[in-house]
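Hey, can you work out the whole structure from these sequences and the hints?
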Amino acid sequence: MSSLGGSGRQGRVQSRPLADLIGKAMEPVFRKRGFASSDLVASWPDIVGDRYGERVRPERLIWPRSPDRDGPGVPEPATLVVNTDGATALMLTHDMPIVLERINAYFGWAAIGRIRIVQKPVTVPVKKQRPPLRALTDDEQKKLDAKLDGLEHKGLRQALETLGRQVIARSSGS
Numbered sequence: 000m001s002s003l004g005g006s007g008r009q010g011r012v013q014s015r016p017l018a019d020l021i022g023k024a025m026e027p028v029f030r031k032r033g034f035a036s037s038d039l040v041a042s043w044p045d046i047v048g049d050r051y052g053e054r055v056r057p058e059r060l061i062w063p064r065s066p067d068r069d070g071p072g073v074p075e076p077a078t079l080v081v082n083t084d085g086a087t088a089l090m091l092t093h094d095m096p097i098v099l100e101r102i103n104a105y106f107g108w109a110a111i112g113r114i115r116i117v118q119k120p121v122t123v124p125v126k127k128q129r130p131p132l133r134a135l136t137d138d139e140q141k142k143l144d145a146k147l148d149g150l151e152h153k154g155l156r157q158a159l160e161t162l163g164r165q166v167i168a169r170s171s172g173s
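The numbers in numbering that gives the first Met the number 0 rise by one with no breaks, and the one at position 86 of the sequence shown is 85.
Source of the hints: derived by calculation from the structure; they are not laboratory data. The beta-carbon is built from N, C-alpha and C at its ideal position, and this holds for glycine as well. Treat the hints with care, since some could be wrong.
DEER-style ranges, computed between Cβ atoms [said to hold, decoys possible]:
1. L162 - R50: 33 to 39 Å
2. T92 - D49: 16 to 22 Å
3. L135 - P44: 50 to 56 Å
4. P96 - S42: 43 to 49 Å
5. L135 - R50: 17 to 23 Å
6. R50 - R133: 33 to 39 Å
7. M95 - P130: 40 to 46 Å
8. T92 - G154: 44 to 50 Å
9. I61 - V125: 30 to 36 Å
10. D49 - A134: 33 to 39 Å
11. L155 - L135: 16 to 22 Å
12. E160 - T92: 47 to 53 Å
13. V125 - L155: 32 to 38 Å
14. E100 - R133: 47 to 53 Å
Written out as structure tokens, the structure reads:
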């Protein structure tokens with residue numbers, strides 16, 4: 000095997016979360032849309048909560064043109080443009096002060112002065128439902144119980160039993 004990073008250590012390369020890699024790759028796209036980084040977009044569901052996390056999408060930030068923008072002091076707040084459907088737009092309009100407060104709390108300062116809503120369909124990710132697992136036969140259950148007989152740790156035993164049930168139920172051999 001080859002050494003990793005010249006450290007002389009040999010082994011497998013550590014895997015990294017895909018979100019870490021995509022975030023860095025998308026930075027130029029987000030900057031073009033007025034976002035300093037992808038943090039707001041990536042953290043959007045956590046910032047606005049379950050009610051708006053999947054149904055409202057931040058589109059871009061519009062910063063005001065002002066002569067003192069690069070000068071001392073706090074810059075003027077930006078306008079956040081979001082996309083959402085008509086029904087959610089109505090709810091969002093009513094909850095606007097709360098949403099603005101949450102966004103600005105995330106930034107740590109009054110970065111956003113207003114939110115402009117664009118009514119546009121937002122695709123909500125569909126969660127796939129897995130088909131229910133078949134019940135284990137008596138013989139399969141006995142074999143699984145026999146393999147787990149020596150385990151005294153209750154939590155580990157339950158976890159391995161659940162895993163075993165899923166593996167056996169999904170296998171096509173029985």
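Right, here's what the structure says about each hint:
no.: 1; hint: L162 - R50: 33 to 39 Å; in the structure: holds, 35 Å
no.: 2; hint: T92 - D49: 16 to 22 Å; in the structure: holds, 18 Å
no.: 3; hint: L135 - P44: 50 to 56 Å; in the structure: violated, 37 Å
no.: 4; hint: P96 - S42: 43 to 49 Å; in the structure: violated, 20 Å
no.: 5; hint: L135 - R50: 17 to 23 Å; in the structure: violated, 40 Å
no.: 6; hint: R50 - R133: 33 to 39 Å; in the structure: holds, 37 Å
no.: 7; hint: M95 - P130: 40 to 46 Å; in the structure: holds, 42 Å
no.: 8; hint: T92 - G154: 44 to 50 Å; in the structure: holds, 48 Å
no.: 9; hint: I61 - V125: 30 to 36 Å; in the structure: holds, 32 Å
no.: 10; hint: D49 - A134: 33 to 39 Å; in the structure: holds, 34 Å
no.: 11; hint: L155 - L135: 16 to 22 Å; in the structure: holds, 20 Å
no.: 12; hint: E160 - T92: 47 to 53 Å; in the structure: holds, 50 Å
no.: 13; hint: V125 - L155: 32 to 38 Å; in the structure: holds, 34 Å
no.: 14; hint: E100 - R133: 47 to 53 Å; in the structure: holds, 50 Å
Checked against the numbered hints given earlier, the structure breaks hints 3, 4, 5 and satisfies all the rest.
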